[in-house]
Every structure is written in structure tokens, then in C-alpha cells.
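K.L.:
These protein sequences, in sequence, are chains A and B. Just so you know, we're using the UniProt record's numbering here: the first sequence kicks off at 1 and counts up by one. Just so you know, we're using the UniProt record's numbering here: the second sequence kicks off at 1 and counts up by one.
The set of hints was computed from the structure by calculation and includes no laboratory data. All of these numbers come straight from a predicted model, not from anything done at the bench. Careful, some of the hints might be misleading.
Stated by the list, open to error - Below are the PhoX-like pairs computed for lysine-lysine, each with C-alpha atoms no more than 25 Å apart in a straight line:
(1) Lys122(B) <-> Lys24(A)
(2) Lys274(A) <-> Lys285(A)
(3) Lys229(A) <-> Lys331(B)
(4) Lys331(B) <-> Lys24(A)
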Amino acid sequence: MKEFKPLPDQPAPNDTVGPIHWVKDNFFSSAMNTIATLLILALLATVVPPLVDWLLISANWSGTTQDACTKDGACWVFVIAWSKQFFYGSYPTEELWRINLCVLMLIGVIASSQLLNKDWRNKFSIPAFLLLPFVCILILDGSWIGLEYVSTDYWGGFALNVLLAAASIIVAFPLSFVWALGRRSEMPFIKSVSILLIEFFRGVPVLALFFMGSVMLPLFFPEGTNVDKLVRVWIVLTLFMAGYMAEVFRGGFQAVPTGQYEAADSLGLSYWQKTLLIILPQVIKVSMPNILATFVMLFKNTTFLLIIGIFEVLSTTQTALTNSNWLGGHSTEGYLFVAIVFWICCYSMSRISASIERKLDTSHKN
Amino acid sequence: MSEKPQVKSSPSFFNNPRNRSIIYQLLLLFGLGYFFYSIISNTLANMEARGIQSGYDFLFNTAGFDILMSLIPYDATNTYGRTFIVGLLNTVLVSIIGIILSTIVGFIMGVAHFSHNLLIRKLATAYVETFRNIPLLLQIFFWYFAVLAALPSARQSMSLGEVIFLNVRGLYFPGLTPEGGASVVYAAIAAAIIGIFVLKRWAKKRQDDTGQQFPVLWVSLGMLFGLPLLALIVMGFPFAWDIPYLKGFNFRGGVTVIPELMALALALTVYTGAFIAEAVRAGIQAVPHGQTEAARSIGLKEGKIMKLIIVPQAMRVIVPLLNSEYQSLVKNSTLATAIGYPDLFTVFVGTTLNQTGQAIEIVFMTMAVYFVVNMTISFLMNRLNSSVALTER
Chain A
1 MKEFKPLPDQ PAPNDTVGPI HWVKDNFFSS AMNTIATLLI LALLATVVPP
51 LVDWLLISAN WSGTTQDACT KDGACWVFVI AWSKQFFYGS YPTEELWRIN
101 LCVLMLIGVI ASSQLLNKDW RNKFSIPAFL LLPFVCILIL DGSWIGLEYV
151 STDYWGGFAL NVLLAAASII VAFPLSFVWA LGRRSEMPFI KSVSILLIEF
201 FRGVPVLALF FMGSVMLPLF FPEGTNVDKL VRVWIVLTLF MAGYMAEVFR
251 GGFQAVPTGQ YEAADSLGLS YWQKTLLIIL PQVIKVSMPN ILATFVMLFK
301 NTTFLLIIGI FEVLSTTQTA LTNSNWLGGH STEGYLFVAI VFWICCYSMS
351 RISASIERKL DTSHKN
Chain B
1 MSEKPQVKSS PSFFNNPRNR SIIYQLLLLF GLGYFFYSII SNTLANMEAR
51 GIQSGYDFLF NTAGFDILMS LIPYDATNTY GRTFIVGLLN TVLVSIIGII
101 LSTIVGFIMG VAHFSHNLLI RKLATAYVET FRNIPLLLQI FFWYFAVLAA
151 LPSARQSMSL GEVIFLNVRG LYFPGLTPEG GASVVYAAIA AAIIGIFVLK
201 RWAKKRQDDT GQQFPVLWVS LGMLFGLPLL ALIVMGFPFA WDIPYLKGFN
251 FRGGVTVIPE LMALALALTV YTGAFIAEAV RAGIQAVPHG QTEAARSIGL
301 KEGKIMKLII VPQAMRVIVP LLNSEYQSLV KNSTLATAIG YPDLFTVFVG
351 TTLNQTGQAI EIVFMTMAVY FVVNMTISFL MNRLNSSVAL TER
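Use the sequences and the hints to build the structure in full.
P.N.:
Below, the structure written as C-alpha cells:
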């Protein structure tokens, strides 16, 4: 019997492979596409060279004062001279190691969660992550642990944005989980209170909440209590974040199959055993991309604190721009720099979120 | 077989879920009650100590400050109540401009993601990834302080055909002053809109009954422009052009768009547009490719496939996302206060609160407004959503 031998594969036709075809397919597939390509290329050709020239080639890099900016391009001297203020605010220079230490600890905790195995991750990384903001606040404040006291008036810059965002999300985590549970509860009063809380903090502009924190909150406390401005902001940010995260968790709860609840019930687990050991891990897993997205939003919103007079990075930039030694109109450079810093942080977080989403997505899409 | 004795389980009082739930809810009720009691008593004590008045009487007092821009007549002798209305209208104005423009930008950029042209695709991605990841306040500052502040002065204005002017003080374009007979033109516009709805119904019914199609779009466009044009000609153009002109150091006449409004609308459009583009992309991606193939195989043209097959299915995903984007746009418009655009927040929570000191009433009123505006958006979008939602058995 003759064995069946398939003929060797024919090579693809010449007009469907190769760089020429790729160019034709992507840029000149139709008359409209050709016009669009040419228009965009013309646009890029007029915009990009002057931009690169302004940003890099004829930009001023060295020097310490405004007078050093002699060339036509961007005056990066401004950004370099103020970079300490941008990142650390007016925190005392000899105490900057505390902020650096906090940043290092943050990097260490994140690295540990990636490197350690599952057991140690649960025993070390998660508690460390939850405790980190409080440890950092102790270190930055100093008076509680025998270091020199630094008043919150001196806290500022980009470090403050990061600290406030991180401290808020970590307290908001358990809070929002409880609210989300309350929203799913079968007890009518608990359910309606939870819905009211969530919808209130989601429905009101965050700026109105900040004003509430700075104008109304002092009225709520007994006379004579003086709550630090940053603490009030922290409370507001936490509640705001909790409202949004509660909705994220609600979605996560809905994604857990009912069989999981029933299986846990049939094993005789109590409500909290079931919720914390069976449901919560699955909820966090499916909600992770959305939690990160919410965190990016919160992080961007920390710039709004400028309006109620907190020295976060944007208000530091404005202070620098109105400094009498730097009145040369450096607003483009200043805002561009802050924008780049934010962009790097937010973009990398959104990439991480997308990669988690891809890992979780086991559906078959075409 | 001996019958097993039925075990009658009677859980103890605390193990009964009904009792427990009542106890928990009572605990919460008492906790909340105590919380509000202490807040209210503290607030009252604090207000008395600081001499802050309460009540809404201040709304009828004279405001005594000017507002940069107002859609209704306003001057410093008007009441605080009127500052509320002025601010509210300005908020609504910037929100509507922002919603319309960001929807247009967002849909164009979202669809551009599926272009056959690599450059267009990359441009859309670059737009979304750039503006989504930069704080909105920063973008507002960038447009206001870096871009619009760099425009030429009034004497060196950029102009388009000597009727539209752009300078550091704002954008000036001609206005129309209605004269006698203008109402006929308005009536013609209204008639055209009603006519289009009727026509659409009739065309759909005819197609359902007979299968014959009717060129609704072209006839509608003809009606929309033709009827008012006819009215204009018949009435002998009952409008006067109010063209801005340079007088001294500034322009007079015409319609002025202040730079604060431009910066805010631009930033809101660009920022929200990036999010809407993502929503549109997600919506189109959610439609299985088989739908396009099936549509092609029954011989629909590419344009019809988009209109009849892809878009209606994509809208199911897009509309709920649009709802939340529009709501966050309205909430984000409060950032106007950072550059001094006189929206509700700047005028009412800013100046009025500073002058009267009645924080609780003012913050409460403002929050209530944003709540109502967002509920309205939500209601409208839910109506839209139920019209595009999948009808299942």
C-alpha cells in the first residue's frame, strides 16, 4: 500500500507577504487611507521637529538660576532647581532620609510580594503592606519614635500625593469591603444604610467632599479638638475611595459563582469563615484590575488638594512658578514635568492592571 | 422498621438568624443615632460659639460681588440666591459643552482604534494613553496657563475672516440679534425637527410593511436646513449680525467665550474624550467577529454592517459606561474653581460661603444640585440603555 504523502506547502503569494505588502496594507490600502497617511505624516513633520528642538536640542540643562536659560528651548534649569521641592515639598533637607526610607520600604514590600512564595507572602507581604502607611506616618512625623518632630505643614510635594493615596486606599480596603457586604446583606436597614453611604460618596464631587472636610468637619468635632488638616483630608479621601471600591467589590461578589457560597455553607463554615476564607480571596482576585484602576483615579485626584491649600506637587509647582526669581514664564516646563511624573506612575499601573486582566481572562475570544 | 424520633431543633435565642439580624440592625441604628446626635449637638455648640447663623435667609440678602460671566442678567446688587442660579447655569453650560464635544472626540478616537491605517491606530492609542493618565487639574492648568495665556493680545488678535477673533482675553464670534419675524424661523426649525421624527416613523413602518426603503437621512437633512432657510428667505432675513470690533484695548459686541471657559471645556473634553474612546473601543470589541462575517455573508455593505449590526450591539456595552463618564464629567467641572471660571462651586461654595460663613447650608445645597444633575443624567442614560438593551424572552 502506498503511503500518503502530502505535497510540500506552497509559499504564500508574493503580494501578501514581506515589508512592501505590510506597508501597502497598513498605510496605502485605499485612496482614503493614502490621503490620511500623507496628512498625518505632514502633521508629524511640522510638529515633531520644533518640539524635539524645544524639548531637547536647544533646551537649557545646566545652571542654577533663571539667567542660565539663554537658549531658545525649554528651561529645564527651573525643574532641576526646584526638583527637591517637587518631590519632597519643604521637608527639612537633613531629614530627607526619612522619606527615602519610606520609598525604599514601599519598593521592598512590593518586591517581596513578587519574590516570596505564597506562604511568606501571606505572612509577611500583606501585613507589611497594610502597616506600611502607618509606619511611614510615624517615621515622617518623628515625634512618636524619638526623632525630630516635623509638622505636617512641611510635608508636601509628590511624596505627599503618594503617601495620601496609599494611606487612603489601605484604610478604604476593609471599609469598602464591609460596605459591599452591607449592600448584599438581607437585613433591610443595614442594606439601605450601606447603599446610602456608597451612593453619597460616589455621587458627590470629590471637591465638595474636600470642602466638607476642611469647612464642615471641624464643626462636627467637640469644641477645642483640633484635628490636623492632613488627617481630615485623609478621612475624606478614604471615604471617597471606599465608596468607589465598594462598587468594585460588589462586582467581584457577583462574579463568584453561587456554588462557592453553597459549598462553604454545606461544609458548615460560619458566615465570617465563609466570607473571609472562601469568598474574599476570589473577590480580590477578580476585582484586582478594577481596584488598580480606582487607585489610579484616586492618585490623580490627590492633585485636587491644591484647591484647599495642601502643598501637594501641583501647588508646589504653582508656588515655584510665582517665585520672584523665576518669573520668566516657565509654566510649560513645570506642568510638563509634573505631567510626565504622573504619566509614568499611572501608565505603569494601568499596564499592570491590563496584564492581570489578561492573566485572569480565560475566555476564548476570536 | 422503627420510626426515628424527629429531632426538633430549637436553636438558642442568639443562634436564631432572625433574632440576630434584628439585634445587629438595632445596634447599627443606635450607633448611627448616637453618631448623628453627637455631630449635631457639636455642630450647634460650635456654631453658637463662633456666631454662625443658620437658616436660608441669607439667600435673599444682597450679594455685593460681581461675577465674571453670567447667562442671565446679574450685577452686584442682586441676591445670594441669584448667585446660586448664575453659578448653576454656568455649570450646566460647561457640562453640556463638555458632554457633546467629548462624545464626538471619544467616538472618533474609539472607532479610529479599528482603522486599517496603522498611523491612525497609533495616533488614537497615543491620545488615549496620554490624556487618561495625566490628572485633569494639571491639564486644566496646562491649557489655561501655558497655552491660552500665550495667545496674542487683543490688538494682535488672530482672526478668521475678520469676524471671529481669538486673543488672550477670549474667543469672539458674531452673534445674531433677532428682529421682527424671527419667531417664524424658530417655528420652522421646530417644525423640521417634528417632521423628521414623523418621517422616520413612517419610513420604518413602510419598510416593515412593504420592505421598501426610504432615504430618510437625506430627506431629514433637507428638511432640517431647507425649512429654516425657506423661512429666512420669506421673512427677509429677520436677524442682525452683531460682529465684534476692536475698541480701545478690547473687543466689543458679538459673543465672547472667556478663556476660563475655553480652558475648562477643552480640558474636560480631552480628558473625558480619552475615557469615552476606551468605552467605545471596549464596546466594539465586545461584538463577536462572527457578527461581521455573518453580515457580510448575507451581502450587507460595510456601512450597513456598522450601522445595523455592530453599533446597536456595541451600544449595549457603551451606554452604561457613557453614563458614568458623563457623571464624572459633571463632577469634575467643579475644578473650574482652580482657574476662576464662575461655576456653581466657584461662585457659591467659594465667594458666597466666604462672605456668609454658612458652610452647612451652602455645601448641602451644592451637593444636592450635583446629586440632582447626576440623577437626571442617570435617568436619561437609563432610558437610552433600555432602548438599546438586549431584549430577551
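K.L.:
Give a verdict on every hint.
P.N.:
Hint by hint, here is what the structure shows:
1. Between lysine 122(B) and lysine 24(A), the direct Cα distance comes to roughly 16 Å. Compliance with the 25 Å bound is thereby established for this hinted pair.
2. The straight-line distance between the Cα atoms of lysine 274(A) and lysine 285(A) is roughly 16 Å, inside the 25 Å bound, and the hint therefore holds.
3. The suggested pairing of lysine 229(A) with lysine 331(B) holds, with an alpha-carbon distance near 23 Å, which does not exceed 25 Å.
4. A C-alpha spacing of about 46 Å is found between lysine 331(B) and lysine 24(A), which places the hinted pair above 25 Å, so the restraint is violated.
In terms of the numbered hints stated before, the structure departs from hint 4 and from no other.
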